[in-house]
Amino acid sequence: MSDPRNAEFHDENLSALYRVTRDPEPPAWLDQRILTAANAAPQPVSTLAPPPSRRRRTRLWAVPAALAATVVLAVGIVRLARESGEWGPSPENKTALHSAAESAAEADATAAGRAQFSDHDRPSSPAVELRPTMPLGEAVRVAPQSLPALPAAAPPVELEQESMPRRPAPAERERAREERERARDWLRAAPTGQRADQGAASQDRSDQYSPEEWLAAIAELRHQGRTAEADAKLAEFRRRYPNYPLEVAPSPLQ
Amino acid sequence: MRTEDDADETLMLRYRDGNADAFAALYARHKGALYRYLLRQCGQPALAEELFQDVWLKLIAARTGYTVQARFTTYLYRLAHNRLIDHYRASSRGLPLSYAEDCPEWAEVPAPAEVQPEAQDDRRRQAERLLELLAELPEAQREAVLLKEEAGLSLEEIAQATGTGRETVKSRLRYAMARLRQGLRGAR
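Sequences listed follow chains A and B, in order. In this text, residue positions in the first sequence follow the working numbering: the first is 1, and each later residue adds one. In this text, residue positions in the second sequence follow the working numbering: the first is 255, and each later residue adds one.
These aren't lab readings, by the way, just hints derived from the structure by calculation. Cβ atoms here follow ideal geometry from the backbone N, Cα and C, with glycine treated the same way. You can trust all of the hints, since none of them are fake.
Example chain B residues on the side facing chain A (calculated, C-beta under 7 Å, incomplete):
id	residue
1	Y289
2	F306
3	W310
4	L384
5	E403
Result set (EDC-like, lysine to aspartate or glutamate): computed pairs, CA atoms no more than 16 Å apart in a straight line:
id	chain 1	residue 1	chain 2	residue 2
6	B	K285	A	D23
7	B	K312	B	D340
8	B	K285	A	D31
9	B	K285	B	E303
Between the sequences and the hints, there should be enough to build the whole structure, so can you do that?
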């Protein structure tokens with residue numbers, strides 16, 4: 001207001017006289033109220049974040065809860081689907097499918113007069129046993145239909161997922177198991193399965209077997225890992241058939 | 255002499271950042287002038303107290319958005335002016351005509367009766383007479399005088415605080431000073 005251009009609007013005498021009137025002040029209670037209000041909110045707004053309301057807290061949990069529920073439901077559905085076989089075979093189903101395939105193959109082999117076993121069953125199978133004491137002429141007659149067909153006779157079983165039964169019924173599994181037992185019984189009852197201590201009557205029948213049947217039986221022994229017995233039978237075979245040309249069938253004997 | 259540290263604007267920035275003591279200093283510095291400005295504009299102590307409280311609470315509420323764009327005093331009296339205008343508009347009288355940019359009534363306001371010299375035997379009486387003359391001024395002119403005398407605002411700052419043009423403020427002040435001088439003539 002000291003600007004000369006403002007002199008028209010400034011009168012020092014009037015201003016001095018006005019300063020005499022500067023008496024009124026706000027009451028003390030009003031001072032206190034305003035200062036209290038100012039003290040109640042001195043912090044910056046960013047540090048005065050109000051606690052989340054109940055509704056907001058609920059909203060904060062909504063997304064994690066929804067995600068957790070989704071995961072639980074998805075896992076549950078996948079597990080149920082796998083157990084029911086809808087999404088590929090589970091380990092349990094694979095075993096069942098394998099048994100079903102075995103059953104089918106064994107049924108076919110039985111119908112064709114040949115015993116078929118899977119690789120898993122073969123080492124423990126007592127299908128071919130030659131008695132060490134059996135004379136050459138009394139060799140156990142190996143059923144011709146049971147010997148050469150073991151490695152490759154079973155037709156390949158296609159485990160196509162869509163065509164396989166999802167879960168074999170208990171009746172089917174029971175039937176497959178019975179068929180396997182019947183095949184094993186048949187093989188035990190075969191001449192090659194008879195043990196040396198079963199009597200001379202059976203020894204006498206070994207003379208009825210041909211050299212080829214001897215060789216097939218020896219090959220089966222080797223295939224089962226019973227090398228000592230196979231060597232013994234081979235020696236017996238050579239003793240009985242010294243002139244038999246073994247070169248024509250070297251692979252089964254080695 | 256105020257330094258940079260205790261300038262009004264610095265104190266308000268400190269209060270914005272959480273320093274309550276800065277507000278107390280600001281309040282102590284401006285409360286009297288603001289109260290008198292409101293009291294002499296509305297003429298009623300109770301109403302002046304209500305308006306006074308509203309202005310400071312408005313300042314407190316707006317603290318987080320405060321930036322230094324003008325003198326703090328201008329900012330404070332801008333809040334006060336707006337509160338007064340709201341009060342006028344809410345009253346039965348409505349906004350006084352004197353707030354019009356070019357008020358034709360200014361020239362028609364009757365001159366105050368000259369005061370007899372014997373009645374002004376002391377300065378205190380002259381001051382009371384000044385307040386009487388001030389109360390008789392149209393609101394817009396009175397406000398310009400109060401902002402000049404109480405808040406110490408310049409013409410530009412008065413224009414900024416009241417939201418009017420500088421020339422309008424000059425006209426209001428020119429008429430106001432002439433009437434006050436005329437009313438106090440016998441006192442000189």
